[in-house]
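Undergrad: Model the placement of chain B on the given structure of chain A, informed by the hints.
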Amino acid sequence: MRRIYLDHAATTPTRPEVVKAMLPHFTDAFGNASSIYSYGQEARGAVEEARAKVAELIGARSEEIIFTSGGTEADNYALEGVAYANERKGDHIITTSIEHHAVIEVCKFLEKRGFRINYLPVDKYGLVDPDDVKKAITDKTILISVMHANNEVGTIEPVEEIGKIAREAGVCFHTDAVQTLGHIPVNVDKLKVDLLAISAHKFYGPKGVGALYVRKGTRLVSFMHGGEQEKRRRAGTENVPAIVGLGKAVELAGQEMGKEAERLAYLRDKLIKGLGEKIDHIRLNGHPTRRLPNNVNVSVDFVEGESLLLNLDLEGICASTGSACSSAILEPSHVLLALGLPPEQAHGSLRFTMGRENTEADVERVLKVLPGIVAKLRAMSPLLKTKK
Amino acid sequence: MPDPWSLYSEKVMEHFKNPRNVGEIENPDGVGYVGNPVCGDIMELYIKVDNGIIADAKFKTFGCGAAIATSSMVTEMVKGKRIEEALKISNKAVAEALDGLPPVKMHCSVLAEEALKSAIKDYLEHQKLKKQT
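Protein sequences appear in the order of chains A and B.
Here my numbering runs 21 ahead of the position in the first sequence, where the first position is 1.
Here my numbering runs 97 ahead of the position in the second sequence, where the first position is 1.
Okay, chain A solo, but in the shape it has when bound (with noise of 0.2 Å):
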């Protein structure tokens, strides 16, 4: 049986021209980026070429990329850097209450440390209303952080109108941008954001591997200590291959995904209407046009996200949802209940993320199993007898 792979937000297959970038620096050309003979200058410079490709495809300039070693790890350096670098200025950040875990669960940690948050709320398709932000910010505030588009139900934020306004408070904004980097068009300038995370593994890239953009004059502390590298702001030997592969999947991405966007949309928008034709009471969540455009996330009532998936799997179709009946604490998706579904509808959820490799074929796939499977499992819930 094929295995159509629908779950691109999750991660993706690092493509083959990629790997071939990343292979002579494991072998050939294996040396440390800081030493200074030969071997040590070609690894500089694949280095530094990569940082120049990551700067050229979000309009920055080469000396504001730090690498890192994922999108968590940016996140992580951007919040706990700007908080630590600024304490004495204020404690008070503005976040919403969607952000990948990355960011909500660094400032739950910065809240325990004496820092004030707020989780702005979001409308029912996941939008933050920039006018929340611009109420809820003091002369203590010191960070904005709101994502750029949500990783489970795609809703592309308002960024660009945010950043405006921290820029007229005078407080620094940090996006992050792990779902649209390579997907959709990243401009620093025109979203006005003074930090933004990226990983290279959400576009085709290798794992272990990210940036963060810092707007030059952008106070932070250092993330790592221990050396010279990243201009001390992370220390440790740059991981030389995988950044290599970073900088190859952003070329790359740079000049295939205005094409892809829309072929994926297309495929997004073919299976939206189809599931909404073929199965009763399901809806779609997140925005129905601002959202990325390989994203699918819909509730289907009565039935459970996992034995959906499980029985999806059997039928060789990988997909994700916001059910957390697997995780220790029992409580759906944040971002599902932030949007205001009921539980039951939030541990309904069924995420499909398309990709490079899927075709029109993969969506057909997809129609013809699903309300099937979806029977199946509401001839045995006891939630559609009561709703009769």
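Note that these hints are calculated values from the structure, not bench results.
None of the values given here were measured: they were computed from a predicted structure.
Backbone N, C-alpha and C fix where the C-beta goes; we use that ideal spot for every residue, glycine too.
One should not assume that every hint holds.
Stated by the list, open to error - With a straight-line cut-off of 20 Å between C-alpha atoms, the simulated DMTMM-like cross-links for lysine to aspartate or glutamate are: (1) 114/B - 334/A; (2) 108/B - 334/A; (3) 108/B - 336/A.
As the list claims (entries may be wrong) - Per label pair, the in silico range of CB-to-CB distance: (4) 221/B - 311/A: 53 to 63 Å; (5) 243/A - 196/B: 22 to 32 Å; (6) 56/A - 193/B: 33 to 43 Å; (7) 337/A - 203/B: 25 to 35 Å; (8) 196/B - 23/A: 21 to 31 Å; (9) 304/A - 222/B: 37 to 47 Å; (10) 103/B - 108/A: 42 to 52 Å; (11) 193/B - 246/A: 47 to 57 Å; (12) 111/B - 49/A: 48 to 58 Å.
To be verified - According to the in silico footprint, chain A covers these stretches of chain B (three or more CB under 8 Å from chain A): (13) 108-121; (14) 150-162.
TA: Showing chain B alone in chain A's frame:
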């Protein structure tokens, strides 16, 4: 060969794919209803009792793979058992009968035990009322 990295045992998957005793019993002698939508598992268990012996058991479940498999297994286990014996079925016994559950899913077996106990309690209360009248 079983895949050591799969979440569930083959037996859990077998019961998940082909759950036994799905449905409701008309005029049941006892009904158990446990769980809540917040944690994502709801089980409804019906029993038919004949001379102190559970003659039939059926279930309806909203929940994950483990919730469905434990519901299926517990209904299989109680059929033909005397009420006193059925009351002794523990969540561990249900999990063991399924060749084990992942630690994060043990609560599903607890729910299955509770659903059974709640159905039996319902039955016993009805019996008590019958005697009084």
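Undergrad: Return the numbers of the hints above that this structure violates; sort them in rising order.
TA: 5 and 6
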